[in-house]
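Novice: Protein chains in written order, with my numbering: chain P, 7 to 283; chain A, 554 to 819; chain W, 5 to 308.
Be aware that a few hints might be false.
What the hints assert, rightly or not - Not close to chain A: a few residues of chain P, all C-beta gaps over 12 Å, as computed:
hint : residue
1    : Gly14
2    : Val20
3    : Ala29
4    : Pro37
5    : Arg50
6    : Leu172
7    : Ala176
8    : Ala177
9    : Leu190
10   : Gly194
11   : Leu240
12   : Phe241
Said to hold, decoys possible - Chain A is faced by these chain W residues, among others (derived, beta-carbon under 10 Å):
hint : residue
13   : Met52
14   : Leu55
15   : Thr285
It is worth saying that the hints were derived from the structure and are not from the lab.
Model, not experiment: these values are computed from the prediction.
C-beta atoms are modelled at their ideal positions from N, C-alpha and C, and glycine is treated no differently.
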Amino acid sequence: MRGRVNAGLIAGAVLVGIVVLAALVSFVWTPHDPTLVDAANKLREPGGGYLLGADKFGRDTFSQLMVGARTTLYVGIVAVGIAALIGTPLGMIAGMTPRGWLSELIMRVNDLVFAFPALLLAVMLGAVYGAGTLTAMIAIGVATVPAFARVARAATMQVMVTDYILAARAAGRRRAAIAVRHVLPNIGSMLIVQASVSFAIAILAEAALSFLGFGTRPPIPSWGRMLQESQELLFSTPRLALWPGLAIALAVLGFNLLGDGLRDYLDPKLRRIRAER
Amino acid sequence: MPTHAGTPLIEARDLTRVYRRPRSSLTRQGEAVHALREVSLTVRRGERFGIVGESGSGKSTLLRLLCALDQPTSGSIRFDGQEITGRPERALKFLRHSLQIVFQDPMSSLDPRMRVRDLVAEPLVALGEPVGGRVGELLDAVGLPASAADRYPHQFSGGQRQRIAIARALAPRPQVLVADEPVSALDVSVRGQILNLLADLVDELGLTLVFVSHDLSVVRHVCESVAVMNDGSIVETGPVDEVWAAPQHAYTRTLLQAVPTLEGLL
Amino acid sequence: MLSVDGLTVRADAVELVREVSFDIAPGERVGLIGESGSGKSLTALSLMGLLPEGVRASGTARLGGRDLVGVPEGRIKDLRGREVSMVFQEPMTALNPLMRVGAQVAEVMTLHGRPRAEARTRAVELLDRVRLPRPAQLARSYPHQLSGGQRQRVMLAIALANEPGLLICDEPTTALDVTVQKQMLELIAEVAPALLFITHDLAVVASVCERVLVMYGGRVVESGPIREVFTRPRHRYTEGLLAASKLTPRGTRLPTIKGSVPAAGRFPEGCVFSNRCPHATQRCETEPELTGEGHAHACWHPAD
Numbered sequence: 007m008r009g010r011v012n013a014g015l016i017a018g019a020v021l022v023g024i025v026v027l028a029a030l031v032s033f034v035w036t037p038h039d040p041t042l043v044d045a046a047n048k049l050r051e052p053g054g055g056y057l058l059g060a061d062k063f064g065r066d067t068f069s070q071l072m073v074g075a076r077t078t079l080y081v082g083i084v085a086v087g088i089a090a091l092i093g094t095p096l097g098m099i100a101g102m103t104p105r106g107w108l109s110e111l112i113m114r115v116n117d118l119v120f121a122f123p124a125l126l127l128a129v130m131l132g133a134v135y136g137a138g139t140l141t142a143m144i145a146i147g148v149a150t151v152p153a154f155a156r157v158a159r160a161a162t163m164q165v166m167v168t169d170y171i172l173a174a175r176a177a178g179r180r181r182a183a184i185a186v187r188h189v190l191p192n193i194g195s196m197l198i199v200q201a202s203v204s205f206a207i208a209i210l211a212e213a214a215l216s217f218l219g220f221g222t223r224p225p226i227p228s229w230g231r232m233l234q235e236s237q238e239l240l241f242s243t244p245r246l247a248l249w250p251g252l253a254i255a256l257a258v259l260g261f262n263l264l265g266d267g268l269r270d271y272l273d274p275k276l277r278r279i280r281a282e283r
Numbered sequence: 554m555p556t557h558a559g560t561p562l563i564e565a566r567d568l569t570r571v572y573r574r575p576r577s578s579l580t581r582q583g584e585a586v587h588a589l590r591e592v593s594l595t596v597r598r599g600e601r602f603g604i605v606g607e608s609g610s611g612k613s614t615l616l617r618l619l620c621a622l623d624q625p626t627s628g629s630i631r632f633d634g635q636e637i638t639g640r641p642e643r644a645l646k647f648l649r650h651s652l653q654i655v656f657q658d659p660m661s662s663l664d665p666r667m668r669v670r671d672l673v674a675e676p677l678v679a680l681g682e683p684v685g686g687r688v689g690e691l692l693d694a695v696g697l698p699a700s701a702a703d704r705y706p707h708q709f710s711g712g713q714r715q716r717i718a719i720a721r722a723l724a725p726r727p728q729v730l731v732a733d734e735p736v737s738a739l740d741v742s743v744r745g746q747i748l749n750l751l752a753d754l755v756d757e758l759g760l761t762l763v764f765v766s767h768d769l770s771v772v773r774h775v776c777e778s779v780a781v782m783n784d785g786s787i788v789e790t791g792p793v794d795e796v797w798a799a800p801q802h803a804y805t806r807t808l809l810q811a812v813p814t815l816e817g818l819l
Numbered sequence: 005m006l007s008v009d010g011l012t013v014r015a016d017a018v019e020l021v022r023e024v025s026f027d028i029a030p031g032e033r034v035g036l037i038g039e040s041g042s043g044k045s046l047t048a049l050s051l052m053g054l055l056p057e058g059v060r061a062s063g064t065a066r067l068g069g070r071d072l073v074g075v076p077e078g079r080i081k082d083l084r085g086r087e088v089s090m091v092f093q094e095p096m097t098a099l100n101p102l103m104r105v106g107a108q109v110a111e112v113m114t115l116h117g118r119p120r121a122e123a124r125t126r127a128v129e130l131l132d133r134v135r136l137p138r139p140a141q142l143a144r145s146y147p148h149q150l151s152g153g154q155r156q157r158v159m160l161a162i163a164l165a166n167e168p169g170l171l172i173c174d175e176p177t178t179a180l181d182v183t184v185q186k187q188m189l190e191l192i193a194e195v196a197p198a199l200l201f202i203t204h205d206l207a208v209v210a211s212v213c214e215r216v217l218v219m220y221g222g223r224v225v226e227s228g229p230i231r232e233v234f235t236r237p238r239h240r241y242t243e244g245l246l247a248a249s250k251l252t253p254r255g256t257r258l259p260t261i262k263g264s265v266p267a268a269g270r271f272p273e274g275c276v277f278s279n280r281c282p283h284a285t286q287r288c289e290t291e292p293e294l295t296g297e298g299h300a301h302a303c304w305h306p307a308d
């Protein structure tokens with residue numbers, strides 16, 4: 007009954023897989039210490055154990071990319087986790103009582119947060135609580151809540167008008183049980199799609215924040231900061247900007263493809279055509 | 554139950570349900586739609602009561618009210634002597650226990666992501682009753698193999714899904730079964746099986762049956778009494794054979810003439 | 005006029021319609037009855053070149069000397085709406101909600117090369133022909149302002165706009181109320197140039213058509229004049245279906261066909277009905293041919 011696996015889904019899964027693998031391997035092994043400053047290897051060209059060369063402090067670019075993948079995933083998981091944990095229940099409540107005052111309140115506050123750019127929120131939080139990975143993650147997470155709440159609300163409203171919800175009510179199920187047993191499993195696929203798309207946005211936001219100096223602090227490697235540190239050498243040593251830039255682009259592409267692919271894969275309307283009604 | 558046979562079980566008085574269309578102007582309220590106008594009916598214990606009407610007749614609204622899935626704008630419904638309107642869900646446990654529903658389309662009334670075992674047990678779980686071996690018993694009663702319990706609804710044909718829905722409805726041993734067009738989404742070759750099954754179960758378990766349909770000929774096969782609905786009101790009610798043989802209201806006559814029957818055509 | 009020969013429809017390896025052959029003469033009204041999974045809708049869709057993706061038809065279907073099956077999309081698009089047109093089951097979703105109904109009727113005519121002004125006036129005539137009240141006014145309304153029955157009449161007007169040689173109706177009244185259905189059926193019978201009427205409802209087909217094809221498991225199992233087929237069915241499936249659709253008095257058991265319609269591709273080899281048939285024998289493991297002039301059947305152990 008599942009849809010066909012499409013090329014986009016596979017490509018997305020492979021790209022995301024590479025990022026995850028790099029991050030996991032970096033815990034046990036990297037070619038060099040990614041934070042080791044070594045004047046002897048300053049701006050070393052690729053080769054001789056340094057696969058992608060070294061930066062202006064003599065740190066191995068490849069090792070930095072591997073550990074940077076960790077930061078990227080960490081930020082993505084926490085930010086999307088915050089957004090999903092807060093946004094989903096809010097959206098479900100709003101979707102299950104579409105005409106109630108609570109629903110109205112949730113959605114208006116939602117609109118308010120939605121109107122606030124994630125980066126601005128992160129910069130403000132950074133100014134108040136100090137910049138860092140955690141602040142960035144929370145800011146990105148909070149800014150993503152409305153996206154989840156909206157998707158969850160729309161999906162819940164679709165589920166609420168189905169006969170099986172009526173049947174569950176007639177069976178004597180309470181609201182909470184209906185939410186957990188019937189609504190959540192049936193909106194799950196939509197949330198998964200939303201999560202992978204939000205993940206891509208979170209990666210971009212973290213990179214941008216680190217680039218601006220509001221994200222991950224040195225010496226922890228981050229793709230965004232690698233970009234920032236390489237900007238003065240953009241014309242003399244462009245490879246230093248190329249690799250982290252490519253890593254960000256491919257990771258974002260990967261999560262977007264994964265999201266699109268999952269949408270097609272999980273959408274019952276696009277599932278293999280039943281031969282006849 | 555046979556000892557009380559004939560005593561009123563469901564008594565609806567002057568039920569009115571008004572919906573408001575969403576407002577289309579700032580100054581005026583949305584237009585009011587009368588889905589139901591002062592409808593009264595009595596269903597007696599052990600009776601097989603049919604409700605016939607076309608789309609928009611109010612039969613679905615009436616059904617929802619009788620099952621306390623919606624609240625009337627005015628009027629009252631007494632079930633076994635107890636008022637059920639205006640009560641919150643938690644005070645309706647006795648009704649959920651005594652009255653269960655089989656919906657029209659077994660494709661959409663069974664949650665696609667639940668196994669048959671959980672679907673059939675759901676009313677028991679909701680009422681906080683032990684499930685035990687009841688699922689197997691129920692599947693057997695509706696003519697499905699015990700192995701069906703571990704499968705998902707989409708793995709069954711329309712007729713089999715309706716059997717699952719009936720098993721589920723019977724789980725808490727209700728007194729009343731409400732069937733909302735239970736065979737109109739089914740193929741003709743399985744319609745008879747489901748109607749026979751319903752008749753058997755109603756007999757064996759001494760159930761009261763409320764059977765809603767757009768088709769008076771199906772109601773005539775299943776029920777003893779009928780209420781014909783049109784435009785939110787009951788236009789005619791009585792023993793189904795009398796209504797069938799000598800319809801009093803003009804609408805009932807139109808309805809009877811409109812249904813094409815093989816006997817009439819050949 | 006329409007001549008279908010050996011029409012077979014497959015999705016991957018699964019045969020959904022097998023070797024269907026029939027003719028429709030000008031002015032003739034033919035019913036195609038079957039339950040879900042019988043292949044009746046796919047038969048109709050393949051004549052319109054509207055099969056879903058991944059589903060392919062083979063065999064021949066000729067309408068007035070032109071091929072309908074196995075021709076490129078560009079060519080069939082020309083025929084669709086002009087030579088053959090179709091009315092679907094769901095009148096709610098088949099119309100564009102943002103377009104006035106008159107314009108939607110006119111559009112199918114301008115698409116096939118009629119001048120705009122002429123199409124407009126003819127659209128109103130067509131709405132009148134399908135017995136819509138005050139057609140000139142109604143042409144200016146939007147689909148949501150009409151009732152289900154009215155919308156289905158608009159669909160019929162669209163289908164008739166280019167004076168097609170053949171009208172195909174797929175369960176056109178299933179979504180309608182019985183009181184509306186009757187008038188709609190009378191109208192279809194009256195205006196159709198030649199009709200292929202698809203339904204699961206025996207009584208409906210009997211009230212519209214002269215001849216009937218009974219489909220089961222992707223095959224035509226019986227065909228012939230309606231009165232004959234319905235009063236003296238030969239195939240055991242037709243017999244069972246007729247028995248099952250008569251509602252006996254209260255308290256009696258309804259005659260039934262055992263089991264349920266198998267899923268596509270799960271029908272037995274040989275006679276497709278053999279696993280549900282009370283008369284099946286070893287012989288039914290080989291496929292029976294559709295035999296007989298006029299009233300034909302494909303059954304090894306026919307009734308009577």
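Novice: Looking at Leu172 of chain P again, its CB stays over 12 Å from all of chain A?
Specialist: Per Cβ check, Leu172 of chain P is inside 12 Å of chain A; nearest 6 Å; violated.
Novice: Say whether it holds or is violated: Val20 of chain P keeps its Cβ farther than 12 Å from all Cβ of chain A.
Specialist: Val20 of chain P clear of chain A: closest Cβ-Cβ about 28 Å, beyond 12 Å.
Novice: Does Ala176 of chain P sit more than 12 Å from chain A, CB to CB?
Specialist: Answer for Ala176 of chain P: violated, closest chain A Cβ roughly 5 Å.
Novice: Is it correct that the beta-carbon of Gly14 of chain P has no partner in chain A closer than or equal to 12 Å?
Specialist: Given a closest Cβ separation of 25 Å, the condition holds.
Novice: Tell me if the interface restraint on Met52 of chain W is satisfied: Cβ within less than 10 Å of some Cβ in chain A.
Specialist: Result: violated, 24 Å to nearest chain A Cβ.
Novice: Once the closest CB in chain A is found, is it more than 12 Å from Phe241 of chain P?
Specialist: holds (56 Å)
Novice: If we take the beta carbon of Ala29 of chain P, is the closest beta carbon in chain A still more than 12 Å away?
Specialist: Since the minimum Cβ distance to chain A is about 32 Å, Ala29 of chain P lies beyond 12 Å and the statement holds.
Novice: Please confirm whether Leu240 of chain P is truly not at the interface, meaning its C-beta sits more than 12 Å away from all C-beta atoms of chain A.
Specialist: holds (52 Å)
Novice: Are all beta-carbon distances from Ala177 of chain P to chain A longer than 12 Å?
Specialist: Incorrect as stated: the minimum Cβ-Cβ distance to chain A is 4 Å, not above 12 Å.
Novice: Does Gly194 of chain P sit more than 12 Å from chain A, CB to CB?
Specialist: With a cut-off of 12 Å, Gly194 of chain P comes too close to chain A, as the shortest Cβ separation is near 8 Å.
Novice: For the hint on Thr285 of chain W, just tell me whether its beta-carbon gets within less than 10 Å of chain A.
Specialist: With a minimum Cβ separation of about 21 Å from chain A (threshold 10 Å), the hint on Thr285 of chain W is violated.
Novice: Was the hint right that Leu55 of chain W lines chain A, CB cutoff 10 Å?
Specialist: This interface hint is violated because 23 Å lies over the 10 Å limit.
In summary, the structure is inconsistent with hints 6, 7, 8, 9, 10, 13, 14, 15 from the numbered list given earlier, while agreeing with the others.
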